[in-house]
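**Q** Fit chain B to the given chain A structure using the hints.
So the chains spell out like this:
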Amino acid sequence: MNKLTKCVLKNQIIVSIVLAVSIILFYFLAIFNVEENAHSTFGQWYWLIMGLIFGAFICYGIWSVIRAKNNKHCLAVNIADKMIKYGFLLKQLVKRDFKRKYKRSVLGVLWSFLNPLLMMGTQYLVFSTLLGNQNIPYFPVYLLVGIVTFNFFSECTTTSMESITGNASLIKKVYVPKYIYTLSKALSATINFGFALIPLFIFMLAMQLWPTPGFLLFFFNIGLLFVFCLGLSMFLATIMVFFRDMHFIWGVIRLAWMYATPIFYSVERIQNETFKMVMKFNPLFHFLKVSRMLIIDRVSPNLYSYLWCLISAAGMFAIGCITFKTQQEKFSLYV
Amino acid sequence: MSNMIEVKNISMSYKMAEGDIRSLKEYTVKWFSRKLKRIDHQVLNNISFSVDKGEVMGIIGVNGAGKSTLLKIISGILKPNSGNVILNGKIIPLLGLGSGFDMELTGIENIYLNAAILGYSKEEIDKKYNKIVEFSELGNFLHQPIRTYSSGMLMRLGFSIAAEMEPEILILDEVLSVGDDRFRTKSQKRIAELIKSGATVLLVTHNAVAIKTYCHRALWLDKGNIKMIGDATKVMDAYTKRK
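Sequence order for the protein chains is A and B. Sequential numbering from 1 applies to the first sequence in my numbering. Sequential numbering from 1001 applies to the second sequence in my numbering.
For the record, the hints were derived by calculation from the structure and aren't laboratory data. Fair warning: there could be bad hints in the mix.
Under the rule of at most 27 angstroms between Cα atoms (straight-line distance), these lysine-lysine pairs were calculated in the DSSO-like manner [as the list claims (entries may be wrong)]:
| id | chain 1 | residue 1 | chain 2 | residue 2 |
| --- | --- | --- | --- | --- |
| 1 | A | 72 | B | 1008 |
| 2 | B | 1131 | B | 1008 |
| 3 | A | 85 | B | 1122 |
| 4 | A | 101 | A | 10 |
| 5 | A | 95 | B | 1008 |
To list a few chain A residues with every Cβ distance to chain B over 12 angstroms, as calculated [as the list claims (entries may be wrong)]:
| id | residue |
| --- | --- |
| 6 | 44 |
| 7 | 190 |
| 8 | 218 |
Even for Gly, the Cβ is constructed at its ideal location relative to N, Cα and C.
For reference, chain A alone in the conformation it holds in the complex (with noise of 0.2 angstroms):
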């Protein structure tokens, strides 16, 4: 069996693994507990869908490594050997991009835990203490929330809209897959995000808000987080190549996307009925209300909430490939 069938079967076999312990832990953590009818309209077809889905990945799997030790190709096959190709790389640029960060600073990777402790108890104080108390409960832990999930999101689209003109020496050097460079810049953002996480757990146990086991959902939650920040990253990489000045027009959106993203109010505040309505369309609002309903509410939220997130990631990502595919052959030219 040589190293490509190898390294194809041991996708198969991970990926099957984690998919089966996901279907059945969502189907607990998230059909089970709800309060509603969803049990009973969604939860009955829940197996047979999943049973379904899971059957026929395994199908695929064993058809991909077959087609793997025939030397032929296939998506699963193709996966296998640019993981095998451009793995050194992608760790190689990740670690390029925590050296440059910290070069010259004196704390170095502890901002990653510091910035969003200090962002909070800044916003505390302003939004609590000086305009008066909202009467959200668990604030601080409210608040970190939505500035550690926002913080990812803005990290990860800004380093990554330069991943192309950044890299313009290596891109002319020789080929490699140029979804390689915003990726690896999305996965540095993932890194911080990490490290962002502790504070926010410090804050819940000690206001007491312990982990149930819906807490694993949250994880779920972050990973489409993560591929709509990954869609919408391709998409901004592959406009900066052509208009430099996205840059700046980025800026702007980012800081009204901001104030759009219920991070230090509470929708329930908001007297404006318009706005309430188009707040529906802001997929960060979906990612925050389904985090903050695990973590401080700790029950699962409506099922409509995940279907948001699972559309808003997919949709995303969708608009991010194909831009970045149709667009990324002319990238040697204007780069």
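**A** Relative to the frame of chain A, chain B by itself:
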């Protein structure tokens, strides 16, 4: 002799807009004033040739003939409008002094980044690491960020990596001229060693002596077309005598 490089019917044209548009503002202004005419500039026109394993092919032509574009297409950096290139071995292109490097990182960090970009694994790089350092003769400068390097030093770093990782296909685009005469002799010797062990080399240079000494065959590119291809000495003589 098996084909190491096969170039089939490559055509490439650039759409040049009047002026270089880099921002939305420029684009909108030009759109309104209807100055967005795109001129088609044919850089390469149906180029086909092949290079055997162990052969050294020189590519000559006046500036703007399309040599660098051809090399970029062979390296996979640019995608041609039509045609394709088949490579039967691992390629290391040396197309410019700074390509493949990150200016903020040190020489050592760049060795790993550069080799990773070229497709080598950590084990392969670790094996050759000491030899690369030795060949470059950069010593303690390797701990400095490479934005402090001179062009000669950059070339040494890039060439050392290429020379020690022993590619099957080596592409040299006029980079060796920045080295001092001692390094040039050393690098020429190393290239000769690589050729002896079966490497295929594509060399772009204006240096007639280099073409006649190292190349088996040469290709004369003129305004995107192959004007002449054949024995290196014959082609070089014809090129030198052109009116």
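**Q** Hints first: check each against the structure and report whether it holds.
**A** Taking the hints in turn, this is what the structure says about them:
1. A/72 to B/1008: holds, 24 angstroms
2. B/1131 to B/1008: violated, 37 angstroms
3. A/85 to B/1122: holds, 11 angstroms
4. A/101 to A/10: Violated: residue 101 of chain A and residue 10 of chain A sit about 34 angstroms apart, past 27 angstroms.
5. A/95 to B/1008: violated, 39 angstroms
6. 44: holds, 50 angstroms
7. 190: With a cut-off of 12 angstroms, residue 190 of chain A remains clear of chain B, as the shortest Cβ separation is near 20 angstroms.
8. 218: holds, 34 angstroms
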